[in-house]
Amino acid sequence: MMETQETRREFTTWSGIPIKELYAPKDVEGLDYERDLGLPGEPPFTRGVYRTMYRGRQFTIRRFTGVESPEDTNKLYRRELEVGQTGLAIAPDVPTSTGLDSDNPRCKGDVGFCGVPIDSIQDMEVVFDDIPLDKVTTWTYSVPLTAMYFVNAENRGYDLKVIGGTTPTVSWPIPSPLDLPWEVAIEGRKREAMDFAEWTAENVPKWHSTGISVYAPKDNGLNCIQEMGILLGTAITAADAWKERGKVALEVFFRRISFEMATANDFFEEICKLRAIRRMWTKICRERYGIADPRLMQFRVRCQTQGSTNVVEEPLNNIIRIAFGMLASTLGGAQSLHANGYDEALCIPTDQSMLLSVRTLQIIQEETNVTSTVDPLAGSYYVEWLTNELEKRTWDYLKKIEDMGGMIAAIKSGFFVNEYKKANYDWVHKIETGERVVVGVNKYRLKPEEVPYKVPVYKFEPACRDRQIERVKKLRKERDSARVTRAVKELGKACRGDENTFPFVMEAFRVYATLQEVCDVWREVYGLAPHSRMQV
Amino acid sequence: MAKEKRVKVLMAKPGVDGHYRGMLVVSMALRSAGFEVIYGGNMSPPEIASTAVQEDVDVVGLSILTGDVKAWVSDTIKELKEHGKRNILLLLGGLIFEHDVPELKKMGVHGIFTARTPLNDIVEFVGKHTSAENRL
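Sequence order for the protein chains is A and B.
With the first letter of the first sequence counted as 1, position 337 gets the number 337 in this note's numbering; the numbers rise by one all the way through.
With the first letter of the second sequence counted as 1, position 70 gets the number 606 in this note's numbering; the numbers rise by one all the way through.
Honestly, the hints are just simulated from the structure, not real lab data.
Treat each hint with caution, since some may be false.
Claimed, not checked - Capping the alpha-carbon separation at 30 Å, the derived lysine-lysine pairs in BS3-like fashion look like this: (1) A:392 - A:430; (2) B:541 - B:641; (3) B:664 - B:614; (4) A:75 - B:606; (5) A:447 - B:642; (6) A:422 - B:544; (7) A:474 - B:606; (8) A:474 - A:20; (9) A:447 - B:641; (10) B:614 - A:459; (11) A:399 - A:20; (12) B:606 - A:447; (13) A:447 - A:459.
Since this is a predicted model, take the numbers as computed values, not measurements.
Next comes chain A alone, as it looks inside the complex (with noise of 0.2 Å):
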């Protein structure tokens, strides 16, 4: 018998929610327009953080791209800033996002891959040539490469009172899902990040300092449940650490701070859960930290298409995901998006795929009207009901992350790399079962010779990586040592004293020391993360 609708055993979200079969008045029964909605731009932002939503300003097109050598990527910068992004993110290679010098032995075959090698200033200085860096804004991955880009901005002569974008707190207070080599103890990344936060809410002051980012914990096929629970306790964690600190009243960090989140492919969902966050972080800032300005309260978020929803099965049908997801994300009210390349389960993105994730957000925001009226889909009963229960849902994970003393007690208890290991596990198990369809992968399933097309794969050069390791061993021989041995040293010591450390970092940097070189220094004043290799 051909399998219908009907006979298909359970409905679910993806977050495991029972889905009716039909919505009436009486699932949104106590729903409160004034309490539980508003209106856009106004507590509890349920309709979006701003009042006129994408009528006032389109949602930023912020792809995260690097590619091979620091020139192929300023030259892929400029291309997407002509075809109309109005925003950068770098994405650096594996050794520079792991702190690491191109030249070091152990990152002999990483070098150039999945991203751009950032060894010093100089190649910060080649991946912004001739880009005005007071008209974009970039998204900056970690703090010394935030550092580098401020000493490129300096000698630039920009004012840095100019220079806007983001520096997500990768590695603290987030629960590393990657079990990152190398990783300074999370001591050492939290001094990092308050720091930084600090120092640029004073003197950086368009910077959002403190990004948070559940991207890669997402990804790792948790549900929009736990990704909301693990983005709020991260949150919750910072603001009590900066209330702690004390040194800077707690509006600052409040204004500076936004949010990253990962779109997979259940619709309603995705749109949903952006709404149901927005509500609860109100509630938040409101309850919790008493905080009275309604600006301070906005949840801006940037949403990325999960990675791991596209396949290499006839790989164009992730264009048709990826702009699903684009669209969800959309209608959910997301300031700045990213469509993934389309190729990206087979190679880093081509010119090809990068124009066309470029295209999708450009013909959502352009061609299908969605952005003409804000939060289009308020008051379905299907969309208010599952906002509701999005949010009671995360309230609970985010009880059970409490009862357990809190974020930084939970992730050296190990619980969330348990949630990693089952949510990996279970994401390919559902899909070898079947219980999750993927088109073209366990259903309509078509052999490879009966796919009737291939698409264009990277292809890698060799001779960038040799150029690379050049390029940072002639710095090291024609650098003023001197100056450097001694700037490094200082940052040391304000590793260990109370000093702000964020000016040594930049001036480090501004005397041409690496990056392995000033985070060798938090590895030897904080030592490295325990090794908490996920046991199997």
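Given chain A's structure and the hints, the job is docking chain B onto it.
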């Protein structure tokens, strides 16, 4: 007859890349199939070889999602040889281009498993190639 030694597998990721999903899931599948799995995480080729010797493993599984696959594989094979570890089953998983497969096999990789290989296929491959009659 002495009880047969359990087959021991070292799973490792050469270099510093952090894409762990594949290695993690495959490790869990091998573990639940009864193999003894050492989850090595990120390791350099010399570390892989010395661990393989110390732990007397039968299988080394490399997971590479990004990075110069050929360079990592050839360095790992060279180190294994230098450490005197010859009869070992070498597996490779991750994002491997089709056009690199013949060369990788020639280098000495016994099994290559890219995305969506059913976990059971990997388990069966390891079982078959480490059984008493097929042992390398």
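Okay, the hints, checked on the actual structure:
no.	hint	verdict
1	A:392 - A:430	26 Å, holds
2	B:541 - B:641	28 Å, holds
3	B:664 - B:614	25 Å, holds
4	A:75 - B:606	28 Å, holds
5	A:447 - B:642	26 Å, holds
6	A:422 - B:544	23 Å, holds
7	A:474 - B:606	27 Å, holds
8	A:474 - A:20	65 Å, violated
9	A:447 - B:641	23 Å, holds
10	B:614 - A:459	26 Å, holds
11	A:399 - A:20	27 Å, holds
12	B:606 - A:447	27 Å, holds
13	A:447 - A:459	25 Å, holds
Checked against the numbered hints above, the structure violates only hint 8.
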